[in-house]
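The residues making up each chain are set out below.
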Amino acid sequence: MKLNGEQGPTVLLYKPFIYLAGSKALALGLGAILLASSIGAASNAHFDGVLDMHVGADLPVWVFLSEGIMNWLCLGIVLLIAGRIISRTSFRTIDLFGTQALARWPAVFIALSALPKGSQRFIQALVDQLRSGMSPRFNPADAVAFVVMIGVTLACVIWMVALMYQSFSISCNVRGAKAIITFIGGLFVAEVLSKIGVYGLVFLALHTGPNAAIRIPGVAGEWTVLSGDREQWSWTTNVIFGHSTTGDSLLASTKRYGDVTIVAMVSTTNREASLALRLQDGGNGYIAVFVPDDTPGAGGVPRITLLKRKFGKETELAMYKKAGLSGPGKPEELTFAAKGPQLEVRLNGMPVLNATDATFLSGFVGLRVYGDIGIPCDGIFSNLTVR
Amino acid sequence: MVKRLRCEACETEVEGLYPLPPLASLALDDQEFIQEFIKTSGSLKEMAAILGVSYPTVRNRLDEIIEKLKRSEASHRRKP
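Protein chains in written order, with the working numbering: chain C, 1 to 387; chain V, 1 to 80.
None of these hints come from the bench; they were simulated from the model.
Some clues are possibly wrong.
Pairs of lysine-lysine residues, derived as DSSO-like cross-links and limited to a Cα-Cα distance of at most 27 Å, are as follows [to be verified]: (1) C/24 to V/39; (2) V/3 to C/15; (3) C/178 to V/68; (4) V/3 to V/70.
Reference excerpt, derived from the structure (chain C facing chain V, CB under 7 Å, subset only) [claimed, not checked]: (5) 13; (6) 17; (7) 20; (8) 170; (9) 171; (10) 173; (11) 176; (12) 179; (13) 314.
By construction, the Cβ of each residue, glycine as well, lies at the ideal position given by its N, Cα and C atoms.
With the rest of the complex left out, here is chain V (with noise of 0.2 Å):
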């Protein structure tokens, strides 16, 4: 959660308790691991090339952070 939301231009602060998107909870590996994704046009066999690993190893880790995106999404929807 963020607590404080700060304009730099007019230094306007505003306080409450605001949810992250999704993509912004995840852990920075897991960030990073979606922007290849999106550099690479979503390509796992592109991105196995470039990390040095098999195509599953990149397949697993993408399903385990869609996973992730689901129970973050999850929480958000049961929280008022």
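For reference, chain C alone in the conformation it holds in the complex (with noise of 0.2 Å):
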């Protein structure tokens, strides 16, 4: 007995709910949103709405997850709606759910795509190159990387789309026109509520949790911790305290900024209280490290250094170094300013370090402190202005 003209590997490609539906693609399809969503959570790839994707903010794993679960729910909700109004027959929910559970695999190409850090260095090179005025120049391997998300991201949105109908259509057992155009209309209508519901998603993530934005009184903007934890940092009106014994804690702003000057008073008694910029992340961007005389993180060489962080390495651009530099707990200002690819550091208004540096063009300013057991650090920063 034939039951449909169509056969063969493509049709699982294109059509698999033929063969696929009810509880058996549910549980495929919500495996495989969520494995989109776990990669995407690797490579801050955000699927913010039915059918979109772009690299974004670096956000705790459930938020990845819910946009994945949400962008399903919106379409399949509304597909339901319709598919009841325009269905002559009865059709079942849970194989309209799972169908376009399933229909969304093809964003795990997607999310993979996006994995290579070198597309996401292409996009901020190209905008960061732009913004300054410098004719654009690209790492070749960056631009190929780009333009494989870009054509993966492009080819699997239409397979995507052409699976998601044909889940409505066999579903609901729909055709022709009316089935059509009723689809397009829906994916649109879903689109508008994901998007509201993923938005909805990033504002309580920024705003509730372990990684809210915090608002320090006297300080301007919204900062949040890059590295370490939220513990690590406390403060008073205009006053921030950063302690750690474990490794590095970075307290950066929400807003990138390109040219820009960070100004602190800064002091610690133990080990270090540094001013950063244009970090990407955790691991990249400018730290001007400041290490006062007679603290144990001393070790007798009281110093400055600019250090440029890729890739969570390390290397010195530039280092100043005095006997009797300051001392413990004296609040000294430290000046930490970045113009083009020119960077600059100036203690008490005095320029004591520069360098030339083109790897990052803009990012977040940050506070960073770094300890361990053996050598704590408790690093203070006041009248912190950002301009």
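If you follow the hints, you should be able to join the two separate chains into one complex; please do so.
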């Protein structure tokens, strides 16, 4: 007995729902959604809409997972209502939701294509260079990663839409122009709903929980902890305290800056109180490390070091050493400025370090403490300004 | 339409224009489907398992056959 004229491997790619629906499709589809979201979380690839993928904020994994589920539910619910209205037959809800979940499986390839950091570097470099008026220069490998990501994303989105339509058509037994028009309308409504839902999620993630943005009295803007724990930072009006015995802890702005100057009164009794700018994440950016004299961390070498951190590896760009450089707990005005590729560090208004580096042309500004059990770090930052 | 009917016992033949019952006017594939449907006591789930296809595929095929039967019945009613 022949049930349909279409068979073969292409049918499995284009119309798998002829063979698979219901709870099996639902289980496989949910697995694919969770897999795509988990891979997305590793590369900050957000599925921020039924048909969208954007590389964006580093948020908790639950946000990525919720985005995937929300996109599936939004389209599922809208098509269920539409199907109940236009279909002349009764159909099972689980078939529509199961096949809609499975229709999202090409998202796994989209998430994988966003994994190479090259594509993200390419986008960031393009934005930075256009903003700064510099002539575009790219790493060819980054450009290739970007082109691959765009190509894979485009192809997979088209494939996904075709699967979503097939899911709707087969599950609700609707065909022809009426089905296509209803599907396109439903897709549009679901896209709007999912966008509203996803932005609600992101807002929730940014304003509640451990990754919530921090507002510090007397300091402009919102801040977040890029590396380390939120508990390592405390504040009173206009004064911020950082403490670490577990390595690196970075308190960073949620706003990105291109050319920027960050100024603060800094002091420490034991290790360092450092300023950072053009941070991309916890592992990339520039740091001006302030180590005063007579502290356990100085080891007899009081200094200010200008570091570049790339993929977590630190390179010294410049160092200023001076015997008697400040003292334990004595506040000094530290200024860290960046203009184009020029970086400058000033101590009490006097330039002490400069370097030229164009690796990062924009990013977040921040405060850093670094300590361990042997030599903990307590940094105090006051009168912080960013301009 | 059937034009001639023959009794194999008495070998009597009658000629005329005899309409087929709607089920017999379906394609062979459709008839096999209905046969299977009856054998599974009308369980679409069981049919899907036997045919190796999904539930909605079976459901949609049944809907198609129902449509054909309705059309066939309607055309029978229209004819004198």
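Cross-check of the supplied hints:
| no. | hint | verdict |
| --- | --- | --- |
| 1 | C/24 to V/39 | holds (25 Å) |
| 2 | V/3 to C/15 | violated (44 Å) |
| 3 | C/178 to V/68 | holds (21 Å) |
| 4 | V/3 to V/70 | holds (24 Å) |
| 5 | 13 | violated (16 Å) |
| 6 | 17 | holds (6 Å) |
| 7 | 20 | holds (6 Å) |
| 8 | 170 | holds (5 Å) |
| 9 | 171 | holds (5 Å) |
| 10 | 173 | holds (5 Å) |
| 11 | 176 | violated (14 Å) |
| 12 | 179 | violated (12 Å) |
| 13 | 314 | violated (56 Å) |
Hint check: violations occur at hints 2, 5, 11, 12 and 13; the rest are consistent with the structure.
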